[in-house]
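Chemist: Here's the letter readout for the chains.
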Amino acid sequence: MPDLSINFAGIKSPNPFWLASAPPTNSGYQVMKAFDAGWGGAVWKTLGVPVVNVSSRYGSINYRDTRMAGFNNIELITDRPLSDNLKEIEEVKKYFPDHAVIASLMVESQEEWQQIIKDVENAGADGIELNFGCPHGMCERGMGSAVGQEPEVLQTIVSWVMEVAQVPVITKLTPNISHIVDPGLAAVRGGTNAISLINTIKSIVGIDLDTYAPYPVVDGKGTNGGYCGPAVKPIALEMVKELTQHPEIKNTPVSGIGGIETWRDIVEFILLGAGSVQVCTAVMHYGFGIVREMEAGLVQFMNDKNYNTIYDFIGKALPNVTEWKHLNLKHKVVANINPQKCIGCDLCYIACDDGAHQAIKLDRTNGNRIPEIIDENCVGCNLCALVCPVEECITMEKRDDGKQHVTWDQRTQLDDIPTSFNDDRAGGKHHYVPTVQDALKHRSK
Amino acid sequence: MSLYKRPESELEFQENFSQKKPLMSDSEAFYESARCLFCYDAPCISACPTGIDIPLFIKQIQSKNTSGAAATIFDTNWLGNACGKICPTGVLCEGACVHNHQDVPPIQIGRLQNYATEKAMSQNSLHFTPGEANGKKIALVGAGPASIACACELRILGYHVDIFEAKDKPTGLTVFGIAPYKITNDEVLDEFNYLQSQLGFNVIYNNPIISKNDIKQLENDYEAIFIGVGIGSTASLNLQGEKLNGVVGAVEWIEELRMNHHNVVVPDRVLVIGGGNTAMDAASEAARMGATEVTLAYRRDKMSMSAYDFEHKLAVSAGVRSIFQAQPVAILGEHEVTGVQFVKTLNIEGKLAYVDGSEFDIPCDLVIKATGQGKQVKFLQLISDLSLDSKNRIVVDPTSYQTSNPKYFAGGDVVNGGAEVVNAAFEGKMAAIGIHNKLSI
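Chains as they are written, first to last, in the numbering used here: chain C, 1 to 445; chain U, 1001 to 1441.
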């Protein structure tokens, strides 16, 4: 049995599975129940001056019959008095002294910051997370993402916190910024012990077609919310990588957040350098029990790969995440359709013909529905394999011999790149493109 | 032993004849529609005799545009609701679903179709507007599915439509001949009423066209005439004893059952003769009416039956026993039928031969003959210059459905010899377009 325990910037936890600061960590009842279910840590629902919330708070993106592929909320930080929360933190720590309880905080003035830090430390919090991410409501009042979007302000507040904090401090960043490294650097320069990201993405999940109001609708009106859930994972993974690869930030532990639901998501975040992960939407959807699958999968993965601790593979994918200009232009893959597996939906054909590079042909002779790849037209884009509804039916096969390696960067240095609009070195110069009139052959009779 | 208790009330009848394709709930339709792959040039469309854009209407159900889904269906098939329930979808659209090739259950297209059309009708959310009146009148003979489809299409094109129906109810075999577990009388008539109330075609009931004079009148009063009279009553077997009490034709017996439900008295031992879908239906229905011993007798082997395999399986699952290679030679009894004498048969080079001395009797209290229906030759002969083929089917132009007598068009069983409601719906619609093209010249 591998050792799942972590020491995240000084915060010890029996495993890397933490609950993110959100509705599932609103009370001691929930956090205790979560720890009992197997979660290693919990970031308490953000404490501060209690708010007043609205009724109707969440909205979601349902993709076909999949509920909550994306999720959004307009709920604010805790609406419960600080003393109630502090009392419950204390109680939880009594029952679960070895689990990580991190207090998420959001206040305005230096005085408030320094006071609330003392309060949560006295209650027994193992760490502090600074909420500089909330993109709705709180930012209108100069907090949350309003801070995360201003690196200088962020750095100042972090330094106020670091002056007094006795426990490790995690700075939580907002993704609602064009360059995540800026607030990341500001947090590091302010002295933060760790960074967590991403907070939610500013969003409107949909509009009611009868009342013309955005979801979630509050008495005929709505506002932008914070978007999360499985749909945001790719954005989170990329932003984690931006920080874990940055020379000045990479030594600061990062807690990965964004769309995590299964062990695979967790392993991906760890491979990109996350030292813990935080989960919210999956728990709001399935309850705390979802951690069973995470733990079983992570253990299995570590056993299969012979890893004893997560530090054996943290950041292992980072060397392979590079810039486009360093990709090998001589690498060549071509799609292959397995006719034994093909069910004849012909989605690959139409996806390629309408949406990609016209590299699949369809010959209806004798009612045939199995499409055929036109090797010389195939650019190896993967689209057909992605749309194919059959497991392992379309595979991408390597066609280069692996001996050549030429990148855009190298070609640039050799002055061998297209430089004018009609340059002969254009990548698609000799590639097949149907005539404009060929389009009309498809008109129905 | 019968698997079914004799139904003594309408409720018990409905239980024994519970719908094979019940109406989907909103959730069921939501999850089922999510499974559709939206195939390119989808094989389900080609497998539908009317060519409904099935992936489109399923996508419309998924995006909660149910009345749009219904519009897609009715645009192509005026009997879209009935067809969703009664089409042999397993051998048509659902049989063609690509999921079959990866051992995933095919999309339940029929039930999704019925979901969309039923919802649109019950919520009155789909409206058809007749075309601007062009002053031309068309007569349709018979109010079965072919004529209904033809009438709807003609109304859209602006024609005045009068349908002449011999019986007191519309929809022909859809209400009189389909097995009750496939569709209820109300469902059939509700769709008809919805179409009629919106499109405004007339049906003159209890008005058979039986004489040359009737024909002459029609020819005088109307610009064109559509023949949708279907096929006739059960053909005679020309056997001794065929006139005994307790010997009935399947079409007539099923009609009686559809109209009178649990009030029809079915004796214990029922023998059904035939190997087509009507024979399977009759056997299934007799078993569901509580007959204790239902036997299906067919003169050739199982493979040669024209019935769909699933229909035979359905009969077997209702407790029906099957006997193959048995040719009836005489119906036994004095006043009441007591049994049927058979002779065993052999297939020799594709021909049927009797085995000498192999005669045997099957005792029974009711014989249902499901050995085919006669054609409406007597009626068809009233029309001059109307070409029929060797099987007495009307010969039509395959695109316009115009007959050899240019004033007449035809579609449905009278042309195809007896097929599905969906085929009649298609042919009726095509004939309407044929009529329009001809009259627009």
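By construction, these hints were calculated from the structure, which means they are not laboratory data. Hints are not guaranteed to be accurate.
[Unchecked claim] Here are a few chain C residues that face chain U, going by a calculated C-beta distance under 10 angstroms:
#, residue
1, T66
2, Y307
3, D346
4, Y349
5, P389
[Said to hold, decoys possible] Now the in silico label distances, taken between C-beta atoms and shown as ranges:
#, chain 1, residue 1, chain 2, residue 2, range
6, C, G287, U, K1064, 54 to 60 angstroms
7, C, V52, U, D1190, 30 to 36 angstroms
8, U, N1213, C, A439, 42 to 48 angstroms
9, U, D1268, C, N366, 33 to 39 angstroms
10, C, A69, U, K1005, 47 to 53 angstroms
Backbone N, C-alpha and C fix where the C-beta goes; we use that ideal spot for every residue, glycine too.
Chemist: Please go over all the hints and tell whether each is borne out by the structure.
Modeler: Outcome of the hint check:
no. : hint                                 : in the structure
1   : T66                                  : 8 angstroms, holds
2   : Y307                                 : 36 angstroms, violated
3   : D346                                 : 4 angstroms, holds
4   : Y349                                 : 6 angstroms, holds
5   : P389                                 : 5 angstroms, holds
6   : C:G287 / U:K1064: 54 to 60 angstroms : 28 angstroms, violated
7   : C:V52 / U:D1190: 30 to 36 angstroms  : 53 angstroms, violated
8   : U:N1213 / C:A439: 42 to 48 angstroms : 59 angstroms, violated
9   : U:D1268 / C:N366: 33 to 39 angstroms : 52 angstroms, violated
10  : C:A69 / U:K1005: 47 to 53 angstroms  : 49 angstroms, holds
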